[in-house]
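J.: Heads up: the sequence shown at position 89 corresponds to 89 in UniProt numbering, and the numbers run straight through without jumps.
There is no bait here: all hints are sound.
Mimicking DSSO-like on lysine-lysine, the simulated pairs with C-alpha atoms at most 27 angstroms apart in a straight line are:
| hint | residue 1 | residue 2 |
| --- | --- | --- |
| 1 | 68 | 34 |
| 2 | 34 | 2 |
| 3 | 67 | 34 |
| 4 | 2 | 67 |
For each label pair, taking beta carbons as the anchor points, the in silico distance ranges come out as:
| hint | residue 1 | residue 2 | range |
| --- | --- | --- | --- |
| 5 | 43 | 76 | 14 to 24 angstroms |
| 6 | 76 | 1 | 32 to 42 angstroms |
| 7 | 69 | 16 | 30 to 40 angstroms |
| 8 | 39 | 94 | 23 to 33 angstroms |
| 9 | 65 | 43 | 19 to 29 angstroms |
| 10 | 46 | 20 | 12 to 22 angstroms |
| 11 | 41 | 73 | 13 to 23 angstroms |
| 12 | 82 | 39 | 16 to 26 angstroms |
| 13 | 43 | 14 | 19 to 29 angstroms |
| 14 | 92 | 60 | 14 to 24 angstroms |
| 15 | 1 | 44 | 26 to 36 angstroms |
| 16 | 73 | 3 | 27 to 37 angstroms |
| 17 | 1 | 106 | 35 to 45 angstroms |
Bear in mind the hints are in silico, worked out from the structure with no lab data behind them. Glycine is no exception: its CB is placed at the ideal position from the N, C-alpha and C atoms.
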Amino acid sequence: MKDEITITVTDQTGIQHTLMCPLEMGLTLKDICKAYELPMEAMCNGMAMCATCHCYILSEAASLPEKKDIEEALLSELFTSNATSRLACQIYLTAQMDGLSVEIAAD
Numbered sequence: 001m002k003d004e005i006t007i008t009v010t011d012q013t014g015i016q017h018t019l020m021c022p023l024e025m026g027l028t029l030k031d032i033c034k035a036y037e038l039p040m041e042a043m044c045n046g047m048a049m050c051a052t053c054h055c056y057i058l059s060e061a062a063s064l065p066e067k068k069d070i071e072e073a074l075l076s077e078l079f080t081s082n083a084t085s086r087l088a089c090q091i092y093l094t095a096q097m098d099g100l101s102v103e104i105a106a107d
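Could you build all of it, start to finish, from the sequences and the hints given here?
T.: Here you go:
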């Protein structure tokens, strides 16, 4: 069983960041982006209230949890959302996500 995974995050300026993510801490994608001081606003601090941690999932076979209704509702209010849009605060990192590639949505 792996205790950490590697994900790639592309920021709003197109720079790719490789993040080493420990799994035992129950972190979300938002948490790890904040820990690496990437430019993700996340104003509501992960409460699924603001959609400022909007990101695009670039990996095809990303084994992510299904979107909950609240996440669907918030994403539906964004002009920039698409089929790959997710809220980073709603994605808890798991071993199956090793190699995940995401892009932080521009404001």
